[in-house]
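Protein chains in written order, with the numbering used here: chain A, 1 to 280; chain B, 1 to 280.
Hints in this document: simulated from the structure, not taken from any laboratory. Where hints are given, some of them may not hold.
Identical chains share a label here; the pair holds if one copy fits it or two copies do between them.
[What the hints assert, rightly or not] Distance condition first, Cα-Cα at most 27 Å in a straight line; then the derived DSSO-like pairs of lysine-lysine:
no., residue 1, residue 2
1, Lys145, Lys121
2, Lys197, Lys75
3, Lys189, Lys228
4, Lys197, Lys145
There are 2 protein chains.
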Amino acid sequence: MGLPMATNLIRAGYLVSVFSRTRERAEPLIREGATWCASPKAVAESTDVVISIVSDSPDVEEVYFDAHGVCEGIKPDGLCIDMSTIAPDVARAVAERLRERGGAFLDAPVSGGQAGAESGKLTIMVGGEAAMFGRAAAVMGCYSKSVQLMGPVGAGQLTKMVNQICIAGLVQGLAEGLRFAEAAELDAKAVAEVISKGAAQSWQMDNRAETMIDGKFDFGFAVDWMRKDLGFCLEEARRLGISIPVAELVDGFYGEVQEMGGGRWDTSSLIARLCAASRG
Amino acid sequence: MGLPMATNLIRAGYLVSVFSRTRERAEPLIREGATWCASPKAVAESTDVVISIVSDSPDVEEVYFDAHGVCEGIKPDGLCIDMSTIAPDVARAVAERLRERGGAFLDAPVSGGQAGAESGKLTIMVGGEAAMFGRAAAVMGCYSKSVQLMGPVGAGQLTKMVNQICIAGLVQGLAEGLRFAEAAELDAKAVAEVISKGAAQSWQMDNRAETMIDGKFDFGFAVDWMRKDLGFCLEEARRLGISIPVAELVDGFYGEVQEMGGGRWDTSSLIARLCAASRG
Chain A
1 MGLPMATNLI
11 RAGYLVSVFS
21 RTRERAEPLI
31 REGATWCASP
41 KAVAESTDVV
51 ISIVSDSPDV
61 EEVYFDAHGV
71 CEGIKPDGLC
81 IDMSTIAPDV
91 ARAVAERLRE
101 RGGAFLDAPV
111 SGGQAGAESG
121 KLTIMVGGEA
131 AMFGRAAAVM
141 GCYSKSVQLM
151 GPVGAGQLTK
161 MVNQICIAGL
171 VQGLAEGLRF
181 AEAAELDAKA
191 VAEVISKGAA
201 QSWQMDNRAE
211 TMIDGKFDFG
221 FAVDWMRKDL
231 GFCLEEARRL
241 GISIPVAELV
251 DGFYGEVQEM
261 GGGRWDTSSL
271 IARLCAASRG
Chain B
1 MGLPMATNLI
11 RAGYLVSVFS
21 RTRERAEPLI
31 REGATWCASP
41 KAVAESTDVV
51 ISIVSDSPDV
61 EEVYFDAHGV
71 CEGIKPDGLC
81 IDMSTIAPDV
91 ARAVAERLRE
101 RGGAFLDAPV
111 SGGQAGAESG
121 KLTIMVGGEA
131 AMFGRAAAVM
141 GCYSKSVQLM
151 GPVGAGQLTK
161 MVNQICIAGL
171 VQGLAEGLRF
181 AEAAELDAKA
191 VAEVISKGAA
201 QSWQMDNRAE
211 TMIDGKFDFG
221 FAVDWMRKDL
231 GFCLEEARRL
241 GISIPVAELV
251 DGFYGEVQEM
261 GGGRWDTSSL
271 IARLCAASRG
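Here chain A stands alone, though its shape is the one from the complex:
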């Protein structure tokens, strides 16, 4: 997702320096006018605002804490924005290290996926100081339709977790409903069309019911990433001393989808597990 986001920044007139672990990935950006940097440190040395987006907490630690990481190159008053979905503790640790070196940090996970990044319509949930949010909002506005400050560092990640917890129950409920419709020999697409007019309506029903009924999952937000995110949710819930039983159950169901070979399938593939379960 970094590619379309950086492309939108260049097209909005920003001077962009770029580093990627796989240089070929950055070639389209270099052709658009970005300057190649040999390390995250070199990026930090050359810019006022550093934006990172990687897969998971250890990747963020590597990008920021390595000998050639962002923290080694951060300018005085440099601002870093991490768009990855990671553990809030890691976001806080990065913020702390940067603060020691005179920099600042915002955690800013996104929702809206690859399509949202390309069309510049991501939703961004931000944690950090209000003054830093003010500096960053215009930059992030180049690739988002909504950028909101949710609280101190970590609050962006916590907000993203709420999003994923809601989706877990919602998608499983939808999957059970559609599976029931098929088993009861109803026209499941007609059922979704009718009930989407009322209290069962959801973005998932409007955008995923048809593909779920057709068994198409080769797009969207991958089960592997959803499991990673639900892992953060469950860990944080334990820390907070609260119970999120359906999120926990659905996390296990996603584990079964992975075992079916569906790690890269869209999260709506929970229905494939239900269909397999009743055949098995």
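Following the hints, complete the assembly by docking chain B onto the known chain A.
Quick look at chain B alone, frame taken from chain A:
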């Protein structure tokens, strides 16, 4: 809900005969011009289209099968429409008895609640024969925004079950998400506002997140009725040989809400159970 529905029929110009177990309940209709009948049988004798709406399967059996029930009075070619949410088997049994006596039957459960009945904007899911649906659609159109034929007798009930299964997972996911937001010391209303722009959006989030956060449940669709409906869903799922694990889990959670004294609370009160669980 029979009162606003019948009121809408009278105002649309239909001649309405009415029976209610509690006569006072019918007084407002009689003042609007409805004719009082002493029994369901008397209603059936006086009209071409009989419409019933009661609480549960045994009530429907009483209205249709009693010595003074609809089946005893049904006219040749009389058409009965039952708007109650009941077991599909009971709907099929009523249809069979009416057929023996020359009548016809549609099961037509609704969604949209009291407010939908009053504003004439219910969604109606119908099971029965296409020709009978054609006769009935104009009548039901007086109090609905959408009337859809979903299949043979029972299909209306089965469609309503899909609706309730979807809602069960959806509302529990939303409750877990909002509970997590509060425990994480986020502004839960702000979180709902932000994530409702994306893939976690639902009618429930748009219409219930705020009242859930405020702990207000004295409105809407009661837990007691939801449990009745989920009971039908679970029984039918067993019959179909499929698993709907989250619906089953949430049915138990609603049982706990009933034990908390929340039988008449709105279905969104699942969050009250989560809050009580983490305090307890």
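Go through the numbered hints given earlier and state which of them the structure violates, listing their numbers in rising order. The structure breaks only hint 2.
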